[in-house]
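Put chain C on the given structure of chain L with help from the hints.
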Amino acid sequence: MPRGGEHDDAAPLSIHDLTVAWHRKPVLWDVDLDIPQGKLACIVGPNGAGKSTLLKACLDLVPAVSGEVRVFGQPYRKQHARVGYVPQRESVDWSFPVSALDVVAMGTYRRLGWCKPVGRSQREQAMEALERVGLEAFAHRQISQLSGGQQQRVFLARALVQDADLYLMDEPFASVDAATEQAIVDVLRALRDQGRTVVVVHHDLQTVTEYFDWTVLLNMRVVAAGPVGDAFTAEHLRATYGGRLTLLEQAASALGQLASGTTRSSNG
Amino acid sequence: MGERGLLDVLLLQDYNTALVVLGTTTLGVAAGVCGTLLLLRKRSLLGDVVSHATLPGVVAAFLVMQACGGTGKSLPGLLLGATVTGLLAAWLVPVLRRASGLKDDAIMGVVLGSSFGLGIALLGIALNLPSGNQAGLEGFIFGKTASMVRVDALIIGLGAAVVIAMTLALAKDFRLLCFDEQFAASIGRPVALLDAVLMMLAVAVIVIGLQAVGLILMIALLIIPAAAARFWTDGFIATMCWAGGIGAVSGWMGSTISAMHADLPAGAVIVLVTGCCFALSMACGRRHGLTQRWWRGMALRRRVERQHLLRAMLECGSPGTHVALNQLHANRRWRASALQRELRRAVRSGELDVHPEGWVLTPLGEVGARRVVRNHRLWELFLIHHADIAPSHVDRDADLIEHVLDAELVAELEALLDPGEALPSSPHPLERRAP
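These protein sequence lines are chains L and C, in that order. The letter at position 56 of the first sequence is residue 47 when you use the numbering used here, and the numbering goes up by one with no holes. With positions in the second sequence counted from 1, the corresponding number in the numbering used here is that position plus 50.
Treat each hint with caution, since some may be false.
[Stated by the list, open to error] Reference listing, derived: stretches of chain C covered by chain L, where coverage requires no fewer than 3 residues with Cβ under 8 Å from a Cβ of chain L: (1) 109 to 116; (2) 210 to 224; (3) 235 to 241; (4) 424 to 431.
[Claimed, not checked] Taking lysine-lysine and the DSSO-like style, the derived pairs with C-alpha atoms no more than 27 Å apart in a straight line are: (5) L:Lys69 / L:Lys107; (6) L:Lys16 / C:Lys123; (7) L:Lys69 / L:Lys30; (8) C:Lys123 / C:Lys194; (9) C:Lys92 / C:Lys153; (10) C:Lys92 / L:Lys107.
Derived from the structure by calculation, the hints contain no laboratory data. Since this is a predicted model, take the numbers as computed values, not measurements. Cβ atoms here follow ideal geometry from the backbone N, Cα and C, with glycine treated the same way.
Chain L on its own, in the form it takes in the complex (with noise of 0.2 Å):
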C-alpha cells in the first residue's frame, strides 16, 4: 500500500489518507490508495463498508474530515472533465417526466455551459451513446416505461457521453438482467481498451476475477488494493468480511475461479 510521498502523480485516482466521516462517526479510515490507468478496478466490500462513500467522496459530494484525493494529479475540482460519473440507479425518481435520450444528453451539459439548450448536436451524441449501449428503440421513451436493466443502460450511456478518462460508477450491475449484465460488461472492457480507467463498486464477489483486473477490497479501511492475481485472496477477504460463513462460501468458489483465472492469464 503507498503512504506518504510514495503516490503517483499521473495515477488517474489517488488518494491519499482520507477520513470520511457522519455526525463524528467515521465511515472512512485513512484510506490510502493509487488506481492505475487504463484498469478495470473494483471496490468491493460488506454493506455499511463505505463503497458508496468512497466515490462520493473522490466526486468532492461529501466533505472529508482528512486527507486529499487527486485525480490526475490534480484537486477534482479542476478536473470534472476528465471524470464521469454513474451514481446509484436508486438515487433518483424514475417517474421524473423525462426522455432517455433527455437524461443521456445531460452528459454533455457541463461542455454545454450555462443557458444555452441541448441542440441537435447534443442530441446526436446522446443517440450514439444510447446505441452503444443497445437502447436507441427506447430514446423517446419516458424513463418510467424502461425496466430496471434498460434504466441502468442509461445512466451508463449518460457517462459515455461524458467522454471521460475516469470513470467512477456506482453499483451498475445491481439487480439487472443478465443480458445488461454482459452489456455493460462490453462496454467497459470497451474502454479500458481504450486506456481509460473505470473504478466500479461491486457487489458479487462471484464475478469480481472474470470482470476486473485491479481490486480494492474495502471495510472502512483499506484491507488489499492491488491485481486482482495479488489482492484478491482468502486471507485478504475473511479480513474484510470477517467470519461471515456464506461469504466466505462464496468468496472460496469466486477464487476456485481465479486459480482457472490465473492459470488461463500465465498462457495468454
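Same frame as chain L, now just chain C:
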C-alpha cells in the same frame, strides 16, 4: 366593483378590470412555471412556508415606514418587506434542518407556524395604531384584487416576466438539478446556488401574487397547475408549458368570474378554477388521466379475450367444423356474458361466422387464430430456453414475435416446435394481419 355584463368583462372594457385580469393571468403563467420546478424538486411545501412567512415582513415594513414618518402604504415597500422575510424563511429551513437533524416536515411546521404567528401578532399591533392608514393590510392574507391599481399590475407583469425568462434560460440546468442532484454536483454545477436561485424565483412569484391571491391560497396556484400538467405530458419543458397554460386559464377565468360577481373574492375563485382544471386533467389527461388508463386497460382486456377465443376455436375443432357454446365452455373458463359479447364482436369483425349449430372460423379468423397460437407457443419456448434474457424482452401483446425478437432467434425457437402437434407450427410465417 359592481355587477358587470359578461361582454364588458371578457372584452376588458373596463380599465380596472382589464388590469386585474391581465395581472392575474400573467401571475398564473409564472406560478405554473415556477411551481413545476418546486414540485419536481420536491420542495412544494417550502412554498407554503415562504408564503406564510411573508406576513411578518409586510406588517414590519408597514410599521417601519410609519415610524419613519410615511403613511406606510407604499406597495413596493410592503412587498420588499415580504421578500426579505420570505427569503429568510426559505434560507432558515435547510439551515435548521442541518443543525437540528430533524426531518423536513417538522422543521417546515416550526418555521411556518412561528413566522405566521409573528405576522398575526404584528398585524394586531398595526391595526390598533391610531393613524388609520393600516386598512388593507389584512388584504394580503386572502388577497384583494379590487384594490389593485396600475402599479400592482406593473409589478406583477414585470416580476412574472423576470421569473419566466430566468426559468427558461436555466431550464436545462434546473432539469438536471431536479432529476439528479448528485450528477449535477459531480459535473461541477453549484447545486446550492441553483437551489437558491430556484427559491428566489419562488419567493418572487409568491410576493407578486400576495395582492391578487393572498398568502394563504398562493401555494395552490403554485402547486395545482404543476400537478395537473403531469396528466397531460411526459416532457420537462412540456410540463412547464402545460402548467403555465393552466395557471393562465385559472387566473383569467377566476378574475373574470370574480369581476362579474362582486361578492366572490378573486383569489378564492382563481384557486377554485385551478382545482377544477386539476379534476379535469386527472379525469381526461391525455397521458396519465383516469379515462386514458381505463381505456388502455379495456383495450388490452378485449385483445386478450379475442386471442383466447380464436385459440379456443382452433383447439375445439378442425377448421371448417362448427363449434358449439358448450365446447367453448369446456375448453377454458369464461364468464358467460363476456364470451357471448366476444363472439358477437368476432362475428362483426368477420373472424367468425355464426350458424344454427354453432360458430365457425372464417378464413380471416383462421389466419388470426394460427398466428395467435404460433406466437403463444414461441413465447413459451423463449421463456423456457432463454430465461436469463427473457423478462426484459417478452412482449406477449406484440402482433408477431418477429417484431420483438430477431429473425435468427425466432428460427431457433421454431426449430424447437414439436412437428408432430396437431396444430401446424407456422402456417404463415411473416404474414401481417389482414386489414
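Hints violated by the structure (listed by number, smallest first): 1, 4 and 6
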